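Protein chains in written order, with my numbering: chain A, 875 to 1352; chain B, 134 to 489.
Hints listed in this document are in silico derivations from the structure and should not be mistaken for laboratory results.
Because the structure is a prediction, the values reported are computed rather than measured.
Each hint should be verified, as a subset may be incorrect.
[What the hints assert, rightly or not] One-sided excerpt, in silico: chain A residues whose CB lies under 10 angstroms from chain B:
#, residue
1, P934
2, Y1105
3, L1277
4, C1280
5, L1304
6, F1307
7, Y1309
8, L1312
Note that the Cβ used here is the ideal one computed from N, Cα and C, for glycine as well.
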Amino acid sequence: MDTLIKIIYYYNYLVLFYFLVIVTIYLLLNAISFRNISRYSRKIKFVELKEIFRLHNFKPVTVVVPAHNEEKNIVQSVHSLLQLEYPDYQLIVVNDGSTDGTMKMLFDNFQIRQSSFSPYYEIKSKRIKAVYLSPAYPNLVIVDKENGGKADSINAAINISKNPLITVIDADSILERDCLLKIARPFMENENIVAVGGTVRIANGCKVNQGYIEDVGLSKSWLARFQVVEYLRAFLFGRNGFDYFNGILIISGAFSCFRREALVSVGGYLTGSIGEDMEIVVRLHKILRKQNKKTKITFIPDPVCWTEAPETFKTLASQRKRWQKGTIESIRLHKSLFFNFKYGWLGALVFPYYVFFEVLGPFIEISGYAIFLISLFIGIVPLNFAIAFIAASFLYGVVLSTLAVCLEEFTFKKYVRPKELLLLMATALLENFGYRQLTAWWRFEGLYEYFIGKRSWGKMEKKGFQKEEQKEFSAAMR
Amino acid sequence: MTEFLSQTGIVISVIFSLLTIIYLLILFILLIRIFEQYRSAREKIFISNWEKKIFEYLNEDQNPHELIKLFPKSTYKYLLNNLRGYQLMLKGDDKEKIQRLINQTPVYDYLLKKIKSFRSKSLIFGVYYLGLAESENSRFIIRKKLKTRNELVFLTCALSLARMNDIDSINSIFNEAAKFKYLGRDTLQSILLEFDESCCMHLLMRLDNEKSPVFKSVIIAVLKHFKYEQGAPDILSFLFNEESTLVIMEALKFFSEIRYPGALAAIRFYLNNSKPELRAEAIKAALRINDPSLEDRVWSLIYNNDRIVKVTAAETSYYFSDASREKLKLLAYSIPNTIESSIARMIISQKTIHLN
């Protein structure tokens, strides 16, 4: 019994230590991000993005849209993607063995015709059945292939595309019209950049018109609003902070841009992976930084892409478990980076951070709550201290969330109505009471399921945007 | 443990500090919003007054001093922000008139004060707008500011000097650019493209002694942009001894752009190079120069061992001549089905899909 009490006793210290370390790391990331974003804002203030049209040295981009059973959204998505602002881009829609009417919708709406395609697989992918071109839309390419998943579809598109930059998006991503201008800039500024990620925002509550965000708003659902603050924190602070250390390990699959030659040289996306978005980024670091130490993967803080967030607990839980499993998988596959000082800050700081705080974090957090309660019950921790400590940790979370809202207001100011700003601040306060603990629990479940071998994707149900409007749009286009 | 943990006082003071921080952050957010609303309201009022006046100014021969007098100094930043669009868009007399609004009025002193500031934010602001106004008088100060360790300051100064077409600063721009480890060649190229054609002669002089392959390729790219044919013999003279793929690629693009017949030997040489990317670039150049003597060699590269070279050769053959196109069609439907015939089919299908 004494040994057990001792274990509980020291475990409390461990959790306290864990808490202090994470507080320090977050404060550091916050400070760096504030500096980086204000520098970035100053930098882009005088940049006329459309000037790129005048230049002869812009890089042609291929936008890849993997689509599997997307008959409801595909027409509107393609129409809006064909209106992006960029001097030279190609849009490749990959029909990944859809069993619904995705191909029919594309046939009916874009007058596509089959082109003779000479198969040459620089990267392994499932068989490409046919490639279609459209006389009406010269930059549109439709690839019809056997089902192989998102990663496989991207690999197929890389084989077809010859442009130096590849932008990967989800079929339901809503892009800002000038997103390509923004995402392509870092590649022009620094030849060592092999990948760029952009900030993804939550579209729930926004008014979407013809595939574009017409009016930014907040959802009526608290769950969606919590995710708004969560995304602000993750993108404005987390990724920006890690960018300083050239330690970005995740670029959102909803919107990312890569140098094609870099993707080809590492063998493309890993098919059958749970977290292919993270895995490819970690692999790019691992392989390319060995060849060229200056290789950089960076991030632009501009909100360039909007995505629909789950509004039910079931879907959100499934999403978070999948993310957790994806993180563990990528970390496990590239464990040689752990405390590998040859990779600079990435090996020395960022990768260990992911191991201790992203992979093991949910376990320490959940077990910490349990042990803390037990300690309270058996009298190791006095009640007044327990209450004060919990209050401090919750308030610390509030500080972080409010800081994220503060940075948003300081820079991009997407939520223009005062009512929404107040609502956002209220969300930042409330998010820490229940929602964060819940996500920690789902991540813990993800960790558990991964280790017992339950590694399936799970289903993601999405509500879709303004369905009536979408139907009208499709009819009008036809 | 209990002793340590019972130091609840420490935790409570942490709570109070956190509460204070939260309170201050909320206050800060609200202040930012109020300030922003005030600023945007002021700018709106400014624009509503300004737009009418600027059109009057552009249409009539008004004294710039008279116009600027109407605006208090505190609105200069709105003024400059609004003039920016006009300066980027307008040309000729209208542009000059707008520039006079900056260069011949107290706005100039306002910007000059900014560029003398130690704060990089103010410095960048001043340099940017003086560059946009092509303010001759400030070029010497901006040249001095070029020597900095701050990349953003350097880029803004270089851009402004380029906009002023300050040819004498070209060498300094290159020398200073060399100090920045991560400065991309595209960035440098974009800045140099702001100079006018007269920069080509200076760039060519620099090219003769330039060691850095990156800078060499940038210079050739700028010469290509201005189609500076006089530079062709110089580039040709060092091309055969050049080792950098980057430089050779850019040189081939340059010859291709100006359709330089003197480069035939070089193109023929690189059609046989061991590097596929150089062979592919040489094929593209061969198409632009369109010398019949290259036709057979280009056609034969369809059977090359590299796929990129094969595809480029097939694509080039489609355009090279009617005879080549017919050969490609024959190959496309030949038996047996080979990689070459499959590529030929692909090219023909892609090129004709819009005609069917």
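Do the hints match the structure? See the list:
For P934(A), the shortest C-beta to C-beta distance to chain B is roughly 13 angstroms, which exceeds 10 angstroms, and the interface hint is violated. With its C-beta approaching chain B no nearer than about 18 angstroms, Y1105(A) sits outside the 10 angstroms limit, and its interface hint is violated. A hinted interface residue such as L1277(A) counts as satisfied when its beta carbon comes closer than 10 angstroms to some beta carbon of chain B; here the least separation is about 6 angstroms, so the hint holds. The beta carbon of C1280(A) is positioned within 10 angstroms of a beta carbon in chain B (closest approach about 5 angstroms), and the interface hint is therefore held.
Because the beta carbon of L1304(A) sits about 13 angstroms from the nearest beta carbon in chain B, more than 10 angstroms, this interface hint is broken. The interface hint given for F1307(A) is broken, as the beta carbon of that residue sits about 14 angstroms from the closest beta carbon of chain B, more than 10 angstroms. Taken as an interface hint, Y1309(A) does not check out: its beta carbon lies about 17 angstroms from the nearest beta carbon of chain B, beyond 10 angstroms. With 10 angstroms as the threshold, the beta carbon of L1312(A) stays out of range of chain B, its nearest partner Cβ sitting at about 22 angstroms, so the hint is violated.
The earlier numbered hints that this structure contradicts are 1, 2, 5, 6, 7 and 8.
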